[in-house]
Structure formats: C-alpha cells, structure tokens
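Visitor: Here is how the chains run, residue by residue.
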Amino acid sequence: MDVRSQISMVFHLDKCIGCHTCSVACKNIWTDRKGVEYQWWNNVETKPGTGYPTKWEDQDIYKGGWEKNNGTINLKGAGKKKGLLNIFHNPHLPVIDDYYEPFTYKYLDLIESPEMDDQPTARPVSLITGKPIDIKMGPNWDDDLSGTPDFARKDPNLQDLSPAEQEAMFQLERMAFFYLPRICNHCLNPACVASCPSGAIYKRGEDGIVLINQQVCRAWRMCVTACPYKKSYYNWHTGKSEKCILCYPRLEAGHAPACMHSCVGRIRYLGVVLYDADQIENAASADESKVVDSQLDMLLDPFDPKVIQAAKENGVPDSTIKAAQQSPTYKFVKEWGLALPLHPEFRTLPMLFYVPPLLPVMASLGKQNTSQAEKMDPIAKVWNDDWLYDTSTEDLWGTIDQARFPLKYMANLFAAGDEEKVKIVLKKLMAVRIHRRNVTVGDIAPEKVEAALKGADLEAEVAEEIYKLTSLAKFDQRFVIPPAHREQALEMLEFTGDTKGSTGFGFKEKPERGL
Amino acid sequence: MDNLFNALNNFFLIALPYIALFVFVIGSIWRYRSNGFKFSSLSSQFLEGRQLFWGSVPFHMGILFLFFGHLIAFLIPSGVLAWNAHPARLIVLEVTAFIFAIALLIGLVNLLYRRITNPRIAIVTSKMDYAIIVLLLVQVFNGIWVAYNFRWGSSWFSSVLSPYLWSIFALQPDTSAVASLPWVVKSHIVAAYLIVLLIPFSRLVHFLVPPIDYIWRPYQRVIWYWNKKEIRKAHTPWSLKRPKNN
Ligand code: SF4
Ligand code: SF4
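The listed protein sequences correspond, in order, to chains U and S.
For what it's worth, the numbering used here labels the leading residue of the first sequence as 1, then goes sequentially.
For what it's worth, the numbering used here labels the leading residue of the second sequence as 1, then goes sequentially.
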C-alpha cells in the first residue's frame, strides 16, 4: 500500500445556479492576460449542451483520454508513438475556433466619437488580430439553451439515447437542464502529464495538484489533445500551455481556491482524500463496467489504523491525515456514496466528483403530462404543483424511473453509462428530501419516510448529516484545507536572495514570448 | 584584387564560422539558463491548423533529412564515399535528397505564405521569424541549385567540404580546397553559418531541446518537495537529499 494524499473536490450540482461567478473569479485572478483570454480554467456549461470547447466530450473528434485495448491502456491521441510522430502537426489539436475567438468592444469609440447624426457604437474587435469581427461563439454560448438544435441536441452524451428518448427530453413542457461547472480534475492518472513530451507537466506529490512548468514547456501541445476534459489550454501568445492550478498559492496559504471561495450557490467542497497509489494502474485499466467502483475503491478510510500507519510511513504529515478525517469530499464520495466522477470512462481517475442533480430528474412525471395538457390554457400556463415539481410520495421511486431526463443521460455523464449507479445516488438524494420534509412540514406518513430511507439505504441520522453538509455547511466545513507546510516548500527554492526585490518566487524575468 | 579576394575568403570561410559557432554555443546556453520561458517552438497550430500541415510537415521532414545528411557527410565522409562507389546507390542517394529538398522548399513557401496571408498568424510572427524563413528559403533554393548544377554533391561534399569543416573544428582552418569553389557553393556555406549564428536569437532554439527522453521516461511524473520517507526517519538529517525539482 502506497498511501498518498490528494486534494479532491465535490461539486453539488443541485445547488449550482449557473451564475458564472466562479468563472469570473478565476479569470480575474489568472487568465486576464494576452494569449489566455479565451481560456476559462473554470467554466460553467449548460447540460444538455455542447460545452466548451464545442463537443469536448466527443473523443472521436478530440481523441482525449485513455483507451483500453487488449487489457492495457494507451493514450487515445497522444503518447510516445503518436505524440512524437505528430509533433510537427498534431492532427487532433483543437484550434481556437473550437473554443471561440476572444473579443472585446471598442468602448472608447463611445466616448471619443465626434458629434454625428447617429449614436456611436462600440464595435466588437478580435483580441487576437485587433480587427473588427463578427462574434460567432463565446465560452458559454449555450447558456440555458436546452432543446436548441445547435447546442442541446448535439450533446455527445445523447449519442446512445433512442430518438424517442431524445425527443421526450426536449418537449417544451418537459424541458429541463442543469449546469455543469468544470475545472481541471487534478486526476490520479492524468493524461496531460503522460502526453507531455518534454516532461513539463507533473503532479505534486504532497497534494496531487497537476501543474505545468512554464520554463520547460516547449509548445509540443500534446496535453491539449490528451486531456479528455480539455482543461489544458495553449497560450497562443507565449507558446506555452497553461491549466488550472487549483489556486495552489491560495491553498498553501490556507485559502480556498478563488472559484470555490466565490461560489454563490455554495456548491463546492474541497478536502483531502488518502488513496492507494499502487492501485492507480489497476483502477485506470479496469473494465468499463467497473471503472467507477475501482476508482472509488482506491480511496482509503482515513480512520483505518492500517491506513494511518501506512500514510505515516509514507511521510504524509499528521496534519494532512487529520484533514483527511474531516474531509467533506470523503464524506460525499465514500461515506455517503453521493458523488460520482465526471466521465470515468476517460480513465484519468478524476479527483473532482459531482453530486448529480436531482431536480431535472424528479421535476415532473410522464403520466401527469397528459392531464396537464388538457388542463392547460392555450396561452397561459396554469401553475400546478403536481406538474412542475413533484414531491408527492405516493409512488416512492416512480419519479426517478420516469424522470424528465432519461437516467441514461445522467449515467453517460457520471457513471460510464451505468444507470444503476446514478439511480442509487438519486434515490439517496430523494430520501434526504423526504426525510427533511417530514421533519419540517410533517405531512408524510412515518412509514413512507422509513420506507424511503430504507430504500436508499440511509439512516435518519445520516440523512440529517447529509442535509447539514449540503445546506447549512459553513466555510470551514466546506473547505478543509490541510496545512501546506510551506516551511518545507520554501527550503526547496534555491536561494531566496535571488528573488529579493522582485514580486515573488516565480519569474526572475518578465514571462515574455520568446524571440 | 587578389588581396581583397583573400580577405573576403578569410573572413567568410574562417572568421565567420568561428564567430557563428561561438555565438551559437554561448548564446544558446545563455538563453537556456537565463530564461527557460523563452525556449519554445512557439507553435502556431492553435490559431490555424490546416495550412500548417502542408507547411510544417514537409518542411520538418525535409530539413531533418538534409540536416542529418549533411551531418553524416561531415562526420563520416568515407562512409558516404563508400556508399557512392556504386553509381546506382549514388543516384538513389542524390535523388532522395533532392526530393526531400523539394519538400523542404514547398514547406517553406507554404509557411511563408501562411504567415503573410493569415491575419492571426501574422500577429504571432516576429521580424526574426521572417528573417529566418527568408534565409532558409535562400539557402534551400541555393542548395537545390547547387545539387542540380554541380553533380554529385554528396561525393564532392565528402571529399572537399568535410576536410575543410574538420579543419575548422581542429582549429587549423584550411580553405585551400574550398576557396576555389564556385561562388554559389560558397554562398551556401556562408548562409549556413548565418543560420547557425541566428539560432540563439530565434525560434530555431527549439531544435536543441527535442523531447528525446520522452521515449524512455515513465508516463507519469510526480514531484515531491522532499523525500518524505527519509524525513520521517528520526536518524536521518533533514536535508539528506535535494529534491529533483527545478
Ligand atoms: S483534467 Fe485534464 S488537465 Fe486536469 S489533470 Fe486531468 S488530464 Fe490533466
Ligand atoms: S459560482 Fe457556484 S453557483 Fe455560480 S455557476 Fe459557479 S459553481 Fe455554479
């Protein structure tokens, strides 16, 4: 057993309101420079939708992630052979138009325009060429556009849904969508690291953050292809790739990453998990039906004396073990089994987990749709609780099975197509709600509540805990950040006098584009 | 007149190579050490991918073949001469090299065309990029001209130019054989020195850092601040091993 610690994250999708505060917080701190205007290390997409970059999940196009053939896994579009052979021209590299051409407006024209008959306008200009452009795309162009032919219906996760199922999803009355905020997953089997020919990308041993050494990156741009989540980006100006750094300078100082700190919906949780590094290869090359389970199996119980012992022998600081014991992510992922990895079939073992959203699933029932249609005024919609948001408990798990979103869709996102996995989670989420309704409103028969909890395999106390961490948790409970032991990190630096008088320990010269 | 000729010869065939080599070696090391951030191939594929294919691939294939061809003729001239002893083999070598040179030329023209016509690419093109492309274009065109008109280059390179180049490296420059070469050939030599000279000041530096070690390195890379296991042991000193970083 090779116990290591990893900073992991949980995003609770039911709570995301799609406000993009996280994206903007990140942009303001890290990517407000030339060459990275188009990069959104944190982005929020509407699902179903095509996402950013367009259709990033479709690995027939982008060739990201690992694929398994003959029992071993290989990078799909990069690696030693493919990467080096394609180094002069990478046929799978997305180009900027797959994201969008960054733009701004000539606001100054509004102020400096001479007096005219017409109102002055601020024309959009490209941030690359500076020339006027027609804006065709933006980072969240599919925001709230469920049902649209250009976006929602082209969602790669719909591929194995029958046409009838797809149609049902996009009926006007049943239309639903949810938000999917994404950052780099700081994977345990990162495809970006494996694909980098110059070895510039690495995983930090202490906390598992995946970083790109800007001094070593040589613009071979394989990581952009290899990351199946398209979370490694190419800076077209400096000729270096960049990616989410999980705000490591903030983490080292005990602060939550900017996206998490600013999250309005408080959907984000961050904490340490201990895992067994010996199992990485096995877990990454498990059968598709077992990828989720084998990934979750790697995460170790931080209270198990054997694990603690092994962790200590491996040099994991006591403070980190303690943080792992209080970790909210461990609770969500392992203890309660509520959070699942996004696209585990990419086999990078992502360390960002999602609590799948219950709302679009339970919000309406198929059988009530017809009566609703009859009742409906042709112009105005009649508000009807049954129709919109069903919390009746007549038919306990009926809602999940007749979900507005086919379970298959959720399963394609979070469980490599295994509907059962998603269903278990959704049942738990539902049971917690029924339990809480019983506590606060009390209009549900006790047997029903018991049956709900039992059906979801939950105790009332656990449901209460889940409720508390989901809804009431304060900052320190949502973010349990282990001390970074910077005293050790600083010793690593060569000579502190080198950077005396400059702004930090990063660059001694301005990071400018090479000649 | 003779004096001037001699002086020019001495400058271009003796002084220039030393200047070029000196600047190349010191300049590259300096640039690498002072600012690794500026060491990049500065790929522009992200802004434009399709045209690049018809430029970058033939260009790189061509230049790699020709670079190693020249290098081998310089390092083991006897080997090349032995290979060329048979006319059929000589023809095969010359024709192959010629094809690669044409590929290189086509690639370069495409790259130049792309840099000039695509507004996005023009933005990420420096004056040095243009200088390098034009210099390479001249050099390749010149090389093709020489190969076509002064046959068979692979043989006389090995017997005339290799000894001269060796003499440069042996610090006993001997230009007797090259001095009498036609000026087109000499200009090819001079342009080669210029290219070497410009390497540290251009994006050409990326050829000094080919990712060869990728072939044998393990796929995943994990970096620790310290060897934690050692630190935990009470009897080992705190700073037993320097970490591998940086
Ligand atoms: S999400 Fe992508 S960039 Fe981030 S660690 Fe995983 S493979 Fe690398
Ligand atoms: S800030 Fe939070 S709630 Fe808002 S979009 Fe981002 S993740 Fe969702």
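No lab work stands behind these hints, which were simulated from the structure alone.
Warning: the hint list may mix true and false statements.
Stated by the list, open to error - Heads up, simulated EDC-like pairs for lysine to aspartate or glutamate below, C-alpha to C-alpha not over 20 Å straight-line:
#, chain 1, residue 1, chain 2, residue 2
1, U, Lys34, S, Asp213
2, U, Lys423, U, Glu450
3, U, Lys131, S, Glu94
4, U, Lys448, U, Asp476
5, U, Lys80, U, Glu67
6, U, Lys136, S, Glu48
7, S, Lys127, U, Glu512
8, U, Lys474, U, Glu464
9, U, Lys454, U, Glu420
10, U, Lys81, S, Glu48
11, U, Lys154, U, Glu167
12, U, Lys322, U, Asp301
13, U, Lys68, U, Asp287
14, U, Lys290, U, Glu345
15, U, Lys427, U, Asp476
16, U, Lys290, U, Glu167
17, U, Lys80, S, Asp213
18, U, Lys63, S, Asp213
19, U, Lys427, U, Asp287
These numbers were taken from a predicted model, which means no experiment stands behind them.
Visitor: Compare the structure with each hint and give your call.
Guide: Here's how the hints hold up against the structure:
In summary, the hint linking U:Lys34 to S:Asp213 is not supported, as the alpha carbons are separated by about 32 Å, beyond the 20 Å threshold. Taken as a hint, the U:Lys423 and U:Glu450 pair is honoured in the structure, with Cα atoms around 19 Å apart against an allowance of 20 Å. For the proposed pair U:Lys131 and S:Glu94, the alpha carbon gap of about 48 Å is over 20 Å, so the pair is violated. Only pairs whose Cα atoms come within 20 Å are accepted, and U:Lys448 paired with U:Asp476 is rejected, the gap being roughly 35 Å.
Between the alpha carbons of U:Lys80 and U:Glu67 the distance comes to roughly 14 Å, so the proposed pair stays at or under 20 Å and holds. A threshold of 20 Å between alpha carbons decides the hint, and for U:Lys136 with S:Glu48 the separation of about 17 Å falls inside it, so the pair holds. For a cut-off of 20 Å, the pair hint linking S:Lys127 to U:Glu512 stands: about 16 Å separates their Cα positions. For the given pair, U:Lys474 sits about 16 Å from U:Glu464 by alpha-carbon distance, which is consistent with the 20 Å threshold.
Restraint check: the Cα-Cα separation between U:Lys454 and U:Glu420 comes to about 17 Å, which is no more than 20 Å; the hinted pair holds. Between U:Lys81 and S:Glu48 the alpha-carbon distance is near 24 Å, which puts this suggested pair outside the 20 Å criterion. This hinted pair checks out: U:Lys154 and U:Glu167 have alpha carbons roughly 13 Å apart, not beyond 20 Å. For the suggested pair U:Lys322 and U:Asp301, the alpha carbons sit about 12 Å apart, so the restraint of at most 20 Å is met.
Proximity of U:Lys68 to U:Asp287 is assessed by CA-CA distance (about 8 Å); at most 20 Å being required, the pair is judged to hold. Taking the CA atoms of U:Lys290 and U:Glu345, the gap is about 9 Å. The hint holds against a cut of 20 Å. For the hint linking U:Lys427 to U:Asp476, the alpha-carbon distance of about 28 Å lies beyond 20 Å, and the restraint is violated. The straight-line distance between the Cα atoms of U:Lys290 and U:Glu167 is roughly 30 Å, outside the 20 Å bound, and the hint therefore fails.
Distance check on the hinted pair: U:Lys80 and S:Asp213 sit about 10 Å apart at the alpha-carbon level, within 20 Å; holds. For the hint pairing U:Lys63 with S:Asp213, the CA-to-CA distance comes to about 24 Å; that exceeds 20 Å, so the pair is violated. About 25 Å separates the Cα atoms of U:Lys427 and U:Asp287, which puts this hinted pair outside 20 Å; it is violated.
Comparing the model with each numbered hint stated earlier shows that hints 1, 3, 4, 10, 15, 16, 18, 19 do not hold.
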